[in-house]
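Participant: If you number the first sequence the way our numbering does, the last residue is 1616 and the count never jumps.
Hints are computed from structural coordinates only; laboratory data are not their basis.
Predicted model only: the values in this text are computed from it and were never measured.
Cβ coordinates follow ideal geometry from the N, Cα and C atoms, glycine included.
One or more of the hints may lead you astray.
Unchecked claim - Distance windows between CB atoms, simulated:
hint : residue 1 : residue 2 : range
1    : Asn1389   : Gly1522   : 34 to 44 Å
2    : Asp1566   : Asn1336   : 47 to 57 Å
3    : Glu1576   : Lys1080   : 23 to 33 Å
4    : Glu1576   : Lys1236   : 58 to 68 Å
5    : Ser1115   : Gly1522   : 36 to 46 Å
Stated by the list, open to error - Okay, derived cross-link-like pairs now, SDA-like style, lysine to any residue, Cα gap no bigger than 20 Å in a straight line:
hint : residue 1 : residue 2
6    : Lys1550   : Met1117
7    : Lys1615   : Arg1475
8    : Lys1205   : Lys1550
9    : Lys1615   : Ser1455
10   : Lys1232   : Lys1104
11   : Lys1447   : Asp1493
12   : Lys1104   : Lys1539
13   : Lys1211   : Leu1172
14   : Lys1450   : Lys1211
15   : Lys1095   : Gly1111
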Amino acid sequence: MDTNNDPEENFLHAMARALSEACPDSGITELEMRYSLFLPGRDYGDVSTAIAYRLSGKMKKSPAEVAETLTKRIGTVVGISKVTHINGYINATFEEKGYTALILNKVLRSGNGFGSSRMGNGRKAIIESPSVNPNKPWHIGHLRSALLGDAVSNIFSFCGYNVEREDYIDDLGLQMAVVLWGSMNLAAKPTGKYDQFLGEQYVEINKLIESKKLEAEITLLLQKMENSASDEAKKARKMAEECVKAQYETAFAYGIYHDVMVWESDVVRERLLSSAIALLRENDLARMADDGEYKGCLVTDVGGGDKAKVLLRSNGVPTYLAKDIAFHMWKLGILHSNFRFAGFIAQPNGKEVYSTAENGREMEFGSAEIAINVIGSAQEHPQSILRGVLNGISGGRHGEVVHMSYGEIGVKGGSLSGREGGWLGQGRNYTADDLLREVKSKALEIVLKSEKITDKSSAEIIALKVAIAAIKFEFLRVDPSKKVTFEWERALNFDGNSGPYCMYTYARASSILTRAGTTDTALGERDYAEITRGYDFEIVKMIGSAGRIIEKACRELRPNVIAEYVVDLSILFSKFYENMPVLKGGDAMTLRLAIVHAVRQVIYNMIRLLGIEAVEKM
RNA sequence: GGGCAUGUAGCGUAACUUGGAUAGCGCAUCGGGCUUCGGACCCGAGGGUUGCGGGUUCAAAUCCCGUCAUGCCCGCCA
């Protein structure tokens, strides 16, 4: 849409034409040309290229001469007011009135959809996160996964994918067996939030395991749990469900919702595994080890490394990897299951989360073209094996599995170990619940000082939104691959590069529009003759790049590029705000109102992708 | 030992995939700014041999090789 009006595109095409005339065998593709474009220092123009340097040898001219030749051949370009060259660089300057109209009118037309794209073309993506074991509360590490998963889901959806938000519950793991043992052998009665209770029990029991040698007893429990008809299995499932419900209270507090959860016990019961194994053997991806250390095991050699990986132990019991492979075959529609689904909890967003269940009905989950797993970097190796095996099966005919790897979170003293209780702090734990409580209380302190907020009840609501924004932004502003060390001090600071700063910018923009009595329809399409080469046009240009930013975040699975962008836009708006009066802007008032409107809309759209809600006052 | 990731001012980060003009932003520090649209703000200052050493190139934080540091992974655990 509007490509023939986009000056950058026009410049690019003009360049390509000039190049093919001046040097037909340059070997430079249009894509390379596109990549060569960069944003120059402010005095040079609005878009530049240093392509002349690359042609210098081929054309046997100096870069400056090449740039001159190309510039002459470019001639006039729609939307570009001038093309200049200096020291071999070619610089183009946008015709600012036309560009301003193009961008501001597009924001008006597109509204909440501004910046969206059809990149995904309706393809289905299953995004899995945070898949926390059902025996403890979410700690800040799990929260990172949940927030990344939520943001990536939002971004994919905005980019035209059909997104299914899925959560995997490992209710058959050792961790579950441990807390099951606790419920059968310890006197403690559940108090408070159930996930917190279980998490604390888990730490206690692990101390007992070391001192009292309980491994054998717990391993026996684990085996009994594998048989879904056993009392142990039923009790474990019941505990796990209660724990997940408690964990989801946390999720809801953060505004995180899912479409479907899949339980490991259901994967086992549905016997997906035997079909998966058969398929692996057909494709020569698994073999029986006849001798060596894995004698009697079914193993796979896929996944690099010099060592085979066990799928079925010599006693016939499947490994986690085997179950995971089967599960991912379901995700990609390579295998069909008889999974049945039933509503699990009604979520505050009005949608039910469905869960695999023994007594449910068949539903249209699974069978995606892309399966994104938001999982810590520690799982890189198993994830690469999983990917390798599935690629071997699908041969590219089915979709792909993507590991969205993120660096794990540490705290000053060490790790957040569930077993050793690293997530327990003094007075406040490193849990998602305590984090929200602490940050909200800080936010409330500040909101109560605001002159704009008069009644106590709305102060509470706003403080909660500010707190959520502060936390989400703090977690999402960093590249996912980076490991981070959590510090309360930073989490409780709302200044500068922060979610609340962006919200504040939004609130100020809203306030101006309210004062002006401006509505979207009042801002019609018009010329913007009053635009200057000041902060106003800088903002217009930045807004013009919003769509590219979102696509980049989507392609690279990096919500941080959006966070970065919103802060930069907010900073720019603050400068504009201080220097260019809007309501007293005289002839420029309408233009400036349109800019304020556009900034407000773009901040709204962008922070929403991060799961952050804008407020009109704070 | 092998594999993966990370290393950018006191601290936290961006730019690295696609090499371009003065390495951007925030916190902290120091100095300014509210009778003017919301001070969770703005303006200014100081602070960088981009871990280190080579190489490629007209041009390297970015690409290549080596090296150091930190973390993670390499189980018939999950």
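Participant: Taking the hints in turn, state whether each one holds.
Facilitator: Hints and how they fare:
1. For the pair asparagine 1389 and glycine 1522, the supplied restraint of 34 to 44 Å is violated, since their beta-carbon distance comes to about 53 Å.
2. Separation of aspartate 1566 from asparagine 1336 is about 51 Å and conforms to the stated range, judged on CB atoms against 47 to 57 Å.
3. Range check, glutamate 1576 to lysine 1080: Cβ separation about 30 Å, and the 23 to 33 Å hint holds.
4. Distance hint check for glutamate 1576 and lysine 1236: the Cβ-Cβ separation is about 59 Å, which falls inside the suggested range of 58 to 68 Å.
5. In this structure, serine 1115 and glycine 1522 break the distance hint of 36 to 46 Å, their C-beta atoms being roughly 26 Å apart.
6. Restraint check for lysine 1550 and methionine 1117: satisfied, since their Cα atoms lie roughly 11 Å apart, inside the 20 Å limit.
7. A threshold of 20 Å between alpha carbons decides the hint, and for lysine 1615 with arginine 1475 the separation of about 24 Å lies outside it, so the pair is violated.
8. Annotation: proposed proximity of lysine 1205 to lysine 1550 is violated, straight-line Cα distance about 47 Å (limit 20 Å).
9. As the CA atoms of lysine 1615 and serine 1455 are separated by approximately 14 Å, the hinted pair is consistent with the 20 Å bound.
10. In summary, the hint linking lysine 1232 to lysine 1104 is not supported, as the alpha carbons are separated by about 57 Å, beyond the 20 Å threshold.
11. Of the supplied pair hints, the one linking lysine 1447 and aspartate 1493 holds, its CA atoms being roughly 16 Å apart against a limit of 20 Å.
12. Simply put, lysine 1104 and lysine 1539 have alpha-carbon atoms about 13 Å apart, close enough for the 20 Å limit, and the pair holds.
13. Between lysine 1211 and leucine 1172 the alpha-carbon distance is near 15 Å, which keeps this suggested pair within the 20 Å criterion.
14. In summary, the hint linking lysine 1450 to lysine 1211 is not supported, as the alpha carbons are separated by about 61 Å, beyond the 20 Å threshold.
15. Only pairs whose Cα atoms come within 20 Å are accepted, and lysine 1095 paired with glycine 1111 is rejected, the gap being roughly 24 Å.
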